[in-house]
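Engineer: I would like the entire structure built from these sequences, with the hints used as guidance.
Order-wise, the sequence lines are chains E and A.
For the first sequence, our numbering begins at 9 and goes up steadily by one.
For the second sequence, our numbering begins at 486 and goes up steadily by one.
Just so you know, these hints were derived from the structure itself, not from any lab.
The structure displayed is predicted, hence computed values, not measured ones.
Ideal Cβ positions, reconstructed from N, Cα and C, are used throughout, including at glycine.
Just so you know, not all the hints are guaranteed correct.
Said to hold, decoys possible - Derived CB-CB ranges, DEER-like:
(1) F403/E with V615/A: 42 to 52 Å
(2) D712/A with A55/E: 22 to 32 Å
(3) F213/E with H637/A: 52 to 62 Å
(4) V654/A with F403/E: 27 to 37 Å
(5) F237/E with Y745/A: 47 to 57 Å
(6) V546/A with S103/E: 33 to 43 Å
(7) L51/E with G606/A: 30 to 40 Å
(8) L532/A with G88/E: 50 to 60 Å
(9) E746/A with L51/E: 22 to 32 Å
(10) A55/E with Y745/A: 21 to 31 Å
(11) G606/A with F403/E: 41 to 51 Å
The residues making up each chain are set out below.
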Amino acid sequence: MSSDISNSGHNPEGGPAKPKAPPQNKPKFWNDPKKRSLLFQVLLLSALGFVFYSIIDNTLTNLEQRGITTGFDFLTEEAGFGIAMSLVPYTEASSYGMTFIVGLMNTILIALMGIFAATILGFLLGVARLSDNWLISKASTIYIETFRNIPLLLQIFFWYYAVLRTLPHPRQSMEFFGTFLNNRGFIVPAPVAEDGFGLVLFGFFVALIGSWLISRWSKKRQELTGQQFPVFWVSLGLIVGIPLVLFMLSGMPLGLDHPELKGFNFKGGITVIPELIALWFALSIYTAAFIAETVRAGILAVSHGQTEAATALGMSKAKTLRFIVIPQALRVVIPPLTSQYLNLTKNSSLATAIGYPDLVNVFAGTTLNQTGQAIEVIAMTMAVYLTLSLLTSTFMNWYNSRIQLTER
Amino acid sequence: MKYEMQPTLPPPASMVGVIGWMRKHLFNGPINSVATIVVGYFLISFLVPTIQWIFIDADWVGDSRDACTSGGACWVFINNRLDQFLYGFYPEAEHWRVQTAFILLIGSIIWLVMPQTPKKGLVAALLLVVYPVVAFFLLYGDIFGLETVETHLWGGLSLTLVLAVVGIVASLPLGILLALGRQSEMPIVKSVCVIFIEIWRGVPLITVLFMASVMLPLFFPEGMSFDKLLRALIGITLFQSAYMAEVIRGGLQAIPKGQYEAADALGLGYWQKMILIIMPQALKLMIPGIVNTFIALFKDTSLVLIIGLFDVLAIGQAANQDPKWIGYSTESYLFVALLFWVFCFSMSRYSQQLERQLHTGH
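Structural biologist: This is how it looks when you write it as structure tokens:
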């Protein structure tokens, strides 16, 4: 072995007389990664500073020339315009600040409605696409491939202009069981709470809290003793039963305000404006196609071995689904599902194209045009959506860390 | 006794052929049978009248709405306005310029998509760098004696394509820089990139377009005015580059760490490492993601109608308002939907095929 070393031409392990290394030069400062990155960042900061400075300077000059004062004082001024739909009391005498609240509430309403419908439809379609029934899976595939490849705005326009606006006038309304559908919207009887209805609501909340406590108790008991408790049925009984009993006992304190045709339009009842219906349909149908794909991917991600193992343990098909497939699929489904919800919320801003009074339409539209406070208004609008998206990603990170596989 | 192998019997008639297929895929079990019948009934009762309305009862040729008598779809309406749907208000004598630009685009894309065509890299580079310049001068004119066509005359499908192509071509380099910046070890560079990406990803495109059309003029000195189309393009590009950056970051993270370390060990500098080692591998992984972003962008271009540009959907909206053709909005929406669908569906098929191709590597 040792003879081999002397034969090799190159011996890195130190020959007897190695020439001394030349005195090390200090590297040029631009070749030192630390100094270079420092320099680079200083340059970037000063470039950004310059850009922002010139933007702010120009903006201030421009605003001054147009006679617009900056600041948020305009929020307390009287708005002076009406809004077609409002969840909080709003009149033309309300302030611009109120228009922000009204728009925000309407955005939240359409987002919640859309999320609710899109989730149900999306889950159904996602499962249907995996069905072993050829007709059902193909129908679901065609639905998904059609609706996710057509722009949402076009779908909104279609529902609004081609479907809802071509409905008959109020006098020729279509009637189903006391509700009316016409080109002014969908008119349903309004529930009117009478004395004692608060008790029913109270009972409902008590039942909610009660079923939460029961589920905690039963989980603890199952972990200790292995005995199961029918939490679902008991909770359902509580949540339906307590309010129902209270409702009967207090003499059914709920009236209905039926809509009636007076002149050219309906009086009474609740009118769901066609803009809301069109937006709701389009958002739910469009987002459901994406949710369906997410759900499908999640179910496919559960490996077949899991199902087989469950069958080998003697679990029924329903139990396999409930305890094996769904919990593991949800782990994959929930993160993209939340981002679909966020997309839906952001897409609801397309409301402005058909005049549904959401945040963008009311606040970044009418209020901006009337006050000219472009900077403040756009900044507030963007801040709302940014907050929503940051909250969503915080939730997603929290959820991901909670459900991550703990490997032992 | 002599044992003889009996010939295999054919499977029962109910297990093969059409009947067998139907038993296996449509009627395996009572629940599935009921589901098949219910779904089939609804599909037929919806599809048959629709197909009849679209194709069989429809009117195809004519000059005015008088030609639409048969009670089906009135494609005469679309036929009469086809030029507007494709070219917007672009002067008719200059349509050949739009066509040339379009053919160049489609030609090079086909070149890139087809397997076994040589020099793909060169064509891609030409498409990304030279083509936008050529197309701009073709469309805008004011050079080589071409008549100037102001951007407010651009419209229809050609404007949609302009928005989408510019959006993607301009956001790609910006997205690469942002993605590299987000992975950088320099804290300031990193946080600037993270903030930029998260802000644009957090707000809807509409507010970005509003901002581009309302606030951008305020940001620049008096007298410096921007074209409306350019403002929309700036908004779309900034918005899109944030999404692009996330796609590219995904690709960069998919490259094993050994590749980075090997490049460092060879003594390559940062840019050499990125351009020679990391990017060529990462870009290949990113193509499906980039195509998906492109599909999203393509659909989102329809939003420019809100700030008053006439893309293909806005042309359809305008056509619906024409008093001579009131009542045919369904036809125009269907036509525009078909245009978008054909583009988006073929792109998504392409990206799925690519994903499958790239998947077999390991």
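Engineer: Run every hint past the structure and note whether it holds.
Structural biologist: We went through each hint and held it up to the structure:
For the pair F403/E and V615/A, the supplied restraint of 42 to 52 Å holds, since their beta-carbon distance comes to about 46 Å. For D712/A and A55/E, the hinted distance range of 22 to 32 Å is satisfied, since their beta carbons lie about 26 Å from each other. The supplied range of 52 to 62 Å is met by F213/E and H637/A, whose beta-carbon atoms lie about 59 Å from each other. Separated by about 35 Å at the C-beta atoms, V654/A and F403/E satisfy the suggested range of 27 to 37 Å.
Evaluation of the 47 to 57 Å hint for F237/E and Y745/A yields a pass: the beta carbon distance comes to about 55 Å. Hint check: V546/A to S103/E, Cβ distance near 58 Å, so the stated range 33 to 43 Å is violated. For the hinted restraint 30 to 40 Å between L51/E and G606/A, the CB-CB distance of approximately 33 Å keeps it satisfied. Checked against the hint of 50 to 60 Å, the pair L532/A and G88/E passes, with Cβ atoms roughly 51 Å apart.
The given range of 22 to 32 Å is respected by E746/A and L51/E, whose C-beta atoms sit roughly 29 Å from each other. The hinted window of 21 to 31 Å between A55/E and Y745/A holds, with their beta carbons roughly 28 Å apart. Between G606/A and F403/E the CB atoms are about 43 Å apart, so this pair conforms to the stated range of 41 to 51 Å.
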